[in-house]
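Could you put together the complete structure from these sequences and hints?
There are 2 protein chains.
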Amino acid sequence: MVDIVILGTIGLDDIETPFGKVKEALGGSGTYAAYASSFFAKPGIVSIAGEDLPKRHIDVLKKRNISMDGIEIKGRNFRWGGFYEFDMNEAKTLKTELNSLADFDPELPADYKKAKYVFLGNVDPTIQLKVLGQIEKPELIVMDTMNFWISSRKEELIKAIKKVDVLVLNDSEARQLFGTVNLVNAADMALDLGPKAVIIKKGEHGALLFFREDGKRKHFSAPGYPLEVVKDPTGCGDSFGGGFIGHLAKTKNLSEANMRKAVIYGSVIASFNAEDFSLERQKKLTWGEIERRFHELREIREF
Amino acid sequence: MVDIVILGTIGLDDIETPFGKVKEALGGSGTYAAYASSFFAKPGIVSIAGEDLPKRHIDVLKKRNISMDGIEIKGRNFRWGGFYEFDMNEAKTLKTELNSLADFDPELPADYKKAKYVFLGNVDPTIQLKVLGQIEKPELIVMDTMNFWISSRKEELIKAIKKVDVLVLNDSEARQLFGTVNLVNAADMALDLGPKAVIIKKGEHGALLFFREDGKRKHFSAPGYPLEVVKDPTGCGDSFGGGFIGHLAKTKNLSEANMRKAVIYGSVIASFNAEDFSLERQKKLTWGEIERRFHELREIREF
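Chains as they are written, first to last, in the working numbering: chain L, 1 to 303; chain P, 1001 to 1303.
Simulated from the structure, these hints should not be mistaken for lab results.
All clues stand as given, with none of them false.
Simulated pairs of lysine to any residue, SDA-like, Cα-Cα distance not exceeding 25 Å:
1. 154/L x 1086/P
2. 202/L x 1295/P
3. 202/L x 1294/P
4. 1202/P x 87/L
5. 63/L x 280/L
6. 1202/P x 175/L
7. 1231/P x 172/L
8. 1042/P x 1289/P
9. 23/L x 276/L
10. 1196/P x 300/L
11. 1261/P x 293/L
12. 202/L x 1298/P
13. 1162/P x 228/L
14. 202/L x 1217/P
15. 231/L x 1181/P
16. 202/L x 1202/P
17. 62/L x 288/L
18. 1202/P x 86/L
19. 116/L x 64/L
20. 250/L x 1303/P
21. 1202/P x 228/L
22. 1231/P x 179/L
23. 113/L x 50/L
24. 216/L x 1231/P
25. 1216/P x 228/L
26. 1218/P x 287/L
27. 1092/P x 180/L
28. 218/L x 298/L
29. 218/L x 1231/P
Since this is a predicted model, take the numbers as computed values, not measurements.
Dropping the structure here:
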């Protein structure tokens, strides 16, 4: 039985940053989100991978408490290549080979359909809706998206947003989707579509959580963790989402107060993820380190 | 007797934003910082103004508890013109007429020389050093600067930074001055120069305060206030500085804990300042509103 269904890609990434480069590294939104959530609860990945996905990558996931039953193996693996310039703020894409991802038509294993927590990671909104339709009685649906779907599949994306409890996106995506520079206005427009909460990720500047209660907007501002070294930001957004839903699935408490804590846990995992390439830092990460950074984030915002 | 000496410009600003425009509005780093600090203590401005500075502008300052004895009147007033585009993040300068500011050679009134709190607002670092040299026994020197001096007067600027207790600058200025994108590294380099604390202002993303204690870096992250409407960000940085030193001069407590509170008071005044052009919002601002927003900022970062 899985606690969380995680939809997303499993990728083979070629990445270059000012701190180094990797070839055919394990990546993808599903990989990062599932790995991050596995510190808290048992995730099952819904994805498609290629026959060329190296065994060493499969082993990284298998060694964790992650179900692989929802992964179909077919053809050649999805591949992405990109680089980060000096400011590390935005990945510049060099190549996107969809390969088997182009034929992805997910069919969930029986026990996945009974999961209560669902994370619809960054893939085509049509696929997000297909997975959602197979979950029998979800208690919490969290959805992430990105600029590519906002430009190319906006109508379908809005349809999906209307069905979820928590929308997660980054600041530039929020501005793009709602046509405003003001993030408070963007959050209000997102809440108008139906979600109970909206999270706007701001990279090094932390994250904002917006709620509506009795028609009144509520707001939580999570600080960014002051990292001295950012080696590779790839997967930080997905890791944030995984940590966020992971904490909620573990504690089974959807109160505003607990969602605030979940945002902090998401930020903690994301901050560790940026310290090295691929999943290298998360692979070494201990629960003690997570708790220490959680408390550090409490300390740095105290006044 | 003044509590705080505030060095800065008194300007006549032509400003256009997506929300309107003003002509010959009261502006300048000295004006904003002094007005903001006057909610907390008695500031005295050190500046030069022109004979063409309208009486209605002088009256705005005179009506507050602000000493004007350090203002020299001479020739034509300093004028600045600029506009903000849709994203409101950065002012684009259309004109800078130094006029009488070019001959500014400050001579402090006797009682200013005895002040304990000094705010060296954004002017030529040579002038900042000249004012500092006239203060007999300062207890706290806070210094603000901007990109223009970083490009054109870096050596003099570094000389000034070495003599101050708190350096205030914004994120892009910190990156420019220390040649790094990482703000934690920039703060470390700033602390290496001598200041006890460094504040990096991040606009809507809040502000960071860095300290060093027994060789260990301490860090405070102040949230940004979630403004629904930003009409004109001009003077927000100076207002932040004024609110920051104002709270410290009022409470006479330079502990780290109280500096954190001072950062929040600075953020509160700056957030109000952005809600209207020139000093319009600050002119209507009450102490009750300041305290309410201070507590709101505590509430939005709670977890």
